[in-house]
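Could you slot chain B onto chain A? The hints should help.
Here are the chains, one letter per residue:
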Amino acid sequence: MAIVLDRSHRWRVVAAHVFLACLCALVIFPFLIVISISLRPGNFATGSIIPQTISLEHWRFALGLPFQDANGRLIEPDLPVLRWLWNSVKVATLSALICLFLSTTAAYAFARMKFRGKKQALTGLMLMQMFPSVLALVAIYAIFDRIGNAFPAFGIDTHWALLLAYSGGIALHIWTIKGYYDTIPYEIEEAAKVDGATPWQAFRLVLLPMAVPILMVVFLLAFIGAIIEYPVASILLKRQDLLTMAVGSKMFLYEQKYLWGDFAAAAILSGLPITIVFMLAQKWMISGLTAGGIKG
Amino acid sequence: MPTAATPTTAARWAGPALLALVIAAALYLVVVVYATGELLLAGTLLVICTLAVWIYSARSTYAFRYLFPGIAAALVFVVFPMLYTITIGFSNYSSRNLLEFPRAEAYFLSETFRAEGSTFEFSLHPAGDEFRGRLVDAETQKTFQFGPLALAATRVLEVTAEEEPSGAAALPVPVTLKDLIGHQKALQGLTVKLPSGVKVRMAGLREFATVQPLWVKQADGSLKNQENGNVIKPNRESGFFETAAGEKIQPGFQVPIGWDNYRRIFTEQRFREPFVRIFAWTVLFSGLTVLFATSLGMLLAVLLNWDALSFKGTYRMLLFLPYAVPGFISILVFKGLFNQNVGEINLILSSLFGIKPQWFSDPLLAKTMLLIVNTWLGFPYMMVICMGLIKAIPADLYEASAVAGAGPLTNFWSITLPLILKPLTPLLISSFAFNFNNFVLISLLTGGRPDFLDTTVPAGTTDLLVSYTYRIAFQDSGQNYGLAAAISTVIFLMVAVVSLVQMRFTKVVEDEKR
Numbered sequence: 001m002a003i004v005l006d007r008s009h010r011w012r013v014v015a016a017h018v019f020l021a022c023l024c025a026l027v028i029f030p031f032l033i034v035i036s037i038s039l040r041p042g043n044f045a046t047g048s049i050i051p052q053t054i055s056l057e058h059w060r061f062a063l064g065l066p067f068q069d070a071n072g073r074l075i076e077p078d079l080p081v082l083r084w085l086w087n088s089v090k091v092a093t094l095s096a097l098i099c100l101f102l103s104t105t106a107a108y109a110f111a112r113m114k115f116r117g118k119k120q121a122l123t124g125l126m127l128m129q130m131f132p133s134v135l136a137l138v139a140i141y142a143i144f145d146r147i148g149n150a151f152p153a154f155g156i157d158t159h160w161a162l163l164l165a166y167s168g169g170i171a172l173h174i175w176t177i178k179g180y181y182d183t184i185p186y187e188i189e190e191a192a193k194v195d196g197a198t199p200w201q202a203f204r205l206v207l208l209p210m211a212v213p214i215l216m217v218v219f220l221l222a223f224i225g226a227i228i229e230y231p232v233a234s235i236l237l238k239r240q241d242l243l244t245m246a247v248g249s250k251m252f253l254y255e256q257k258y259l260w261g262d263f264a265a266a267a268i269l270s271g272l273p274i275t276i277v278f279m280l281a282q283k284w285m286i287s288g289l290t291a292g293g294i295k296g
Numbered sequence: 001m002p003t004a005a006t007p008t009t010a011a012r013w014a015g016p017a018l019l020a021l022v023i024a025a026a027l028y029l030v031v032v033v034y035a036t037g038e039l040l041l042a043g044t045l046l047v048i049c050t051l052a053v054w055i056y057s058a059r060s061t062y063a064f065r066y067l068f069p070g071i072a073a074a075l076v077f078v079v080f081p082m083l084y085t086i087t088i089g090f091s092n093y094s095s096r097n098l099l100e101f102p103r104a105e106a107y108f109l110s111e112t113f114r115a116e117g118s119t120f121e122f123s124l125h126p127a128g129d130e131f132r133g134r135l136v137d138a139e140t141q142k143t144f145q146f147g148p149l150a151l152a153a154t155r156v157l158e159v160t161a162e163e164e165p166s167g168a169a170a171l172p173v174p175v176t177l178k179d180l181i182g183h184q185k186a187l188q189g190l191t192v193k194l195p196s197g198v199k200v201r202m203a204g205l206r207e208f209a210t211v212q213p214l215w216v217k218q219a220d221g222s223l224k225n226q227e228n229g230n231v232i233k234p235n236r237e238s239g240f241f242e243t244a245a246g247e248k249i250q251p252g253f254q255v256p257i258g259w260d261n262y263r264r265i266f267t268e269q270r271f272r273e274p275f276v277r278i279f280a281w282t283v284l285f286s287g288l289t290v291l292f293a294t295s296l297g298m299l300l301a302v303l304l305n306w307d308a309l310s311f312k313g314t315y316r317m318l319l320f321l322p323y324a325v326p327g328f329i330s331i332l333v334f335k336g337l338f339n340q341n342v343g344e345i346n347l348i349l350s351s352l353f354g355i356k357p358q359w360f361s362d363p364l365l366a367k368t369m370l371l372i373v374n375t376w377l378g379f380p381y382m383m384v385i386c387m388g389l390i391k392a393i394p395a396d397l398y399e400a401s402a403v404a405g406a407g408p409l410t411n412f413w414s415i416t417l418p419l420i421l422k423p424l425t426p427l428l429i430s431s432f433a434f435n436f437n438n439f440v441l442i443s444l445l446t447g448g449r450p451d452f453l454d455t456t457v458p459a460g461t462t463d464l465l466v467s468y469t470y471r472i473a474f475q476d477s478g479q480n481y482g483l484a485a486a487i488s489t490v491i492f493l494m495v496a497v498v499s500l501v502q503m504r505f506t507k508v509v510e511d512e513k514r
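Protein sequence lines correspond, in order, to chains A and B. In terms of our numbering, the first sequence has 288 at position 288, counting the first letter as 1, and numbering is strictly consecutive. In terms of our numbering, the second sequence has 423 at position 423, counting the first letter as 1, and numbering is strictly consecutive.
Extracted from the complex, chain A is given alone in its bound form (with noise of 0.2 Å):
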């Protein structure tokens, strides 16, 4: 694009890079803070952002190792951050698993096969995912409580319990994936079918492999989501040692029992493998996410 340049125009740009550096900085700020309170002995913000003194205590105290405190005194960390971030790992990819599962293969029939009411069960699922579950907490809890009078391991405190509930959020995942199918040309599935293959075999063995990307796409969101997930896991989850690492961080940072350096230490551990995942998978999702709101 040719155009005359102003004499101002150096000026924009310095400016331009000033504000978006103090902006960076201040986007970055928080994160080295963390890491700078992870590395410092004591639980409280005292001493520089470089710490003077490298002590690894809070370290330990994630990992779950003992470590001497300050009076020399020898400290069993009490909060099971490595038995939490492993709660969290395990739900999170079962339950991407199953919602894998669930949604492949109603969104091939959505994608593939004519029924009665298909339109209105898309535009339901649409609008299904409007109402948050945060909204029906109330009603989760109570039916986990009668599930858990009839079968106790699938009641209030069990993680088979997390993964029913998270099972039913996948009207998101049939739009995205149906969106996939929609774009592989139905023909090679016709091919198949004029060979004598039945509509599962075309399915399971000629489109799901060419499907592998958005599959993997979803697993992706669907891991991430179960993570990061709080309410509903905070409503499920009472027993210490059953608690996924968000409901379980909380713990960290109560008025009177402040461990400030320990929870940097169990967030960096848990945080920057996810952080990397999405950094990672971001490209391919942002697409999936734009029927999303703000993060929060």
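Because the hints were derived from the structure by calculation, they are not lab data. Be aware that a few hints might be false.
[To be verified] Mimicking EDC-like on lysine to aspartate or glutamate, the simulated pairs with C-alpha atoms at most 20 Å apart in a straight line are:
#, chain 1, residue 1, chain 2, residue 2
1, B, K356, A, E255
2, A, K119, B, D511
3, B, K193, B, E273
4, B, K233, B, D137
[To be verified] Simulated coverage check for chain A against chain B, where a stretch passes if three residues somewhere in it have a Cβ under 8 Å from a Cβ of chain B:
#, stretch
5, 104 to 115
6, 134 to 143
7, 183 to 193
8, 257 to 265
[As the list claims (entries may be wrong)] Here are the in silico distance ranges between beta carbons for each label pair:
#, chain 1, residue 1, chain 2, residue 2, range
9, A, K257, B, E163, 35 to 41 Å
10, B, W259, A, R116, 34 to 40 Å
11, A, R116, B, M494, 57 to 63 Å
12, B, M317, A, Q201, 42 to 48 Å
13, B, I181, A, L65, 30 to 36 Å
14, B, K356, A, D182, 56 to 62 Å
15, B, M494, A, Q68, 50 to 56 Å
16, B, L419, A, A21, 27 to 33 Å
17, A, T123, B, L349, 50 to 56 Å
18, A, L205, B, P148, 55 to 61 Å
19, A, G64, B, V216, 54 to 60 Å
20, A, G64, B, S60, 55 to 61 Å
21, A, K257, B, K356, 34 to 40 Å
22, B, G313, A, D195, 44 to 50 Å
The beta-carbon is built from N, C-alpha and C at its ideal position, and this holds for glycine as well.
Here is chain B on its own, set in the frame of chain A:
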């Protein structure tokens, strides 16, 4: 549909056999659930299993074989809870009226009192993995033994005790008090029948005695107290068993109470006042968040689309970071940073300006903090969306305006903004709806505090409607699930209205694309 090759005999029978097996298992499951008294659950299971069997056996429902698992999960765990929320909103379900009527009645019928008769000293002795109980009559010193019992499950059990033969080998040392307390539940379900025919039950940790049920059900549904002859009747209006004088006996049970919860929210002063204030703040919070996040995001998008600027990739990646970090972590990080006494932000502010703002105890500052944090969390999303939209604007528009001598400000106000505002509107509305229910932020950062000082019902100045609901249901103020569900229903309606508006806008945008 082309038919597959002729199946072998084994394959032909495998289908029906599997079907029969599934039906049998499902029926067994339903009966088991029915036996525990969970009628609703049993009914739901029955419907699901029937549908499943029909769909997977009939030919005409082929498409539904693929749909069923997903749709069923969505219906049971997303749609049903919402409908159930609305139902709960019309009931008095709360910590005072927690049980359903049959369970409340069963609770009364399981209460016991100690009748006249002898008492027995009780001790529990380990016997391998199991336990033996030993009873010594307090008056005659006659000794009885029962067991061995596993004491693993809590259930009603009747066992017979035998007299301890004189000179028998002594039982091992009794279990400690701690272990005894651990088995207390299982022991309480135990009725021990002595050789004389007298039945005794646990009356204390180390005591068995003749006990009888306290309440006996009468023909008209009322319960009669065996100890003092009082009669209590279930009152289906109030949800309590009541004496003739109208005294309510705990525990209550759930009954439908019509519009009472809604009447309380909208007409009773002590509920209406916090509701109105919280509603106002909820709208303000979501509106301002959308405004701030979008303004900042749009500004950055415009800057990052500027050809003259270098390092765009780096800026973009750094500025995207708040979106990539899990929300619960960044919110808690801010909770620590904003801490009034030991937080880094106040440390910096006090060393620079000598001030220490009370972020968590001053309502206005708490609200400001929430908006700052939420803008920080929300602008990257808006930035990415706006960047995509700006890229789609044809470059010749800007060339024409450059020829006309327009500056960057004119470009923004008369080309960029008008062109991206329309496709952006549906996203702005959904972002508003999301923040309207931004429970995670409030719950993790302020928990709704600081509370209003002048309301009788606990309510916070920074509470959104959802977090207020959560409070009523799961925290202080007596776990009033019914009231919470009623407020949730009101929020449902609001979200529905917002969604309708949003769909209209989306439709306008899509129609114009065509």
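Tested hints:
For the suggested pair B:K356 and A:E255, the alpha carbons sit about 17 Å apart, so the restraint of at most 20 Å is met. Among the hinted pairs, A:K119 with B:D511 is consistent with the structure: their alpha-carbon atoms are about 18 Å apart, no more than 20 Å. Annotation: proposed proximity of B:K193 to B:E273 is violated, straight-line Cα distance about 61 Å (limit 20 Å). The hinted pair formed by B:K233 and B:D137 fails the criterion: a straight-line CA distance of about 39 Å is larger than 20 Å.
Evaluation of the coverage hint for the stretch 104 to 115 of chain A: fulfilled, as 8 residues show C-beta separations to chain B shorter than 8 Å, against a requirement of three. Only when three residues or more bring their CB closer than 8 Å to a CB of chain B does the claim for the stretch 134 to 143 of chain A stand; here the count is 10, and the claim holds. Residues of the stretch 183 to 193 of chain A lying with their CB closer than 8 Å to a CB of chain B number 1, which falls below the three-residue condition for coverage. Look at the stretch 257 to 265 of chain A against chain B: 4 of its residues bring a Cβ nearer than 8 Å to a Cβ of that chain, three or more, so the hint holds.
Between A:K257 and B:E163 the beta carbon distance is about 56 Å. The supplied range of 35 to 41 Å is therefore violated. Look at B:W259 against A:R116: about 37 Å separates their beta carbons, and that is inside 34 to 40 Å. Taken as a hint, the range 57 to 63 Å is violated for the pair A:R116 and B:M494, whose Cβ atoms sit roughly 33 Å apart. B:M317 and A:Q201 have their C-beta atoms about 44 Å apart, which keeps the hinted 42 to 48 Å range intact.
Roughly 33 Å separates the CB atoms of B:I181 and A:L65, a value that falls within the hinted 30 to 36 Å. Between B:K356 and A:D182 the beta carbons are some 58 Å apart, a value that agrees with the proposed interval 56 to 62 Å. In this structure, B:M494 and A:Q68 meet the distance hint of 50 to 56 Å, their C-beta atoms being roughly 54 Å apart. In this structure the hint that B:L419 and A:A21 lie 27 to 33 Å apart at CB holds, the actual value being about 29 Å.
Restraint check, A:T123 to B:L349: a C-beta distance of roughly 51 Å satisfies the suggested window 50 to 56 Å. At roughly 58 Å, the beta-carbon separation of A:L205 and B:P148 lies within the given 55 to 61 Å, and the hint holds. Range check, A:G64 to B:V216: Cβ separation about 55 Å, and the 54 to 60 Å hint holds. A C-beta distance of roughly 57 Å is found between A:G64 and B:S60, which places it inside the suggested range of 55 to 61 Å.
Restraint check, A:K257 to B:K356: a C-beta distance of roughly 22 Å breaks the suggested window 34 to 40 Å. At about 48 Å, the CB distance of B:G313 to A:D195 agrees with the hint of 44 to 50 Å.
In summary, the structure is inconsistent with hints 3, 4, 7, 9, 11 and 21 from the numbered list given earlier, while agreeing with the others.
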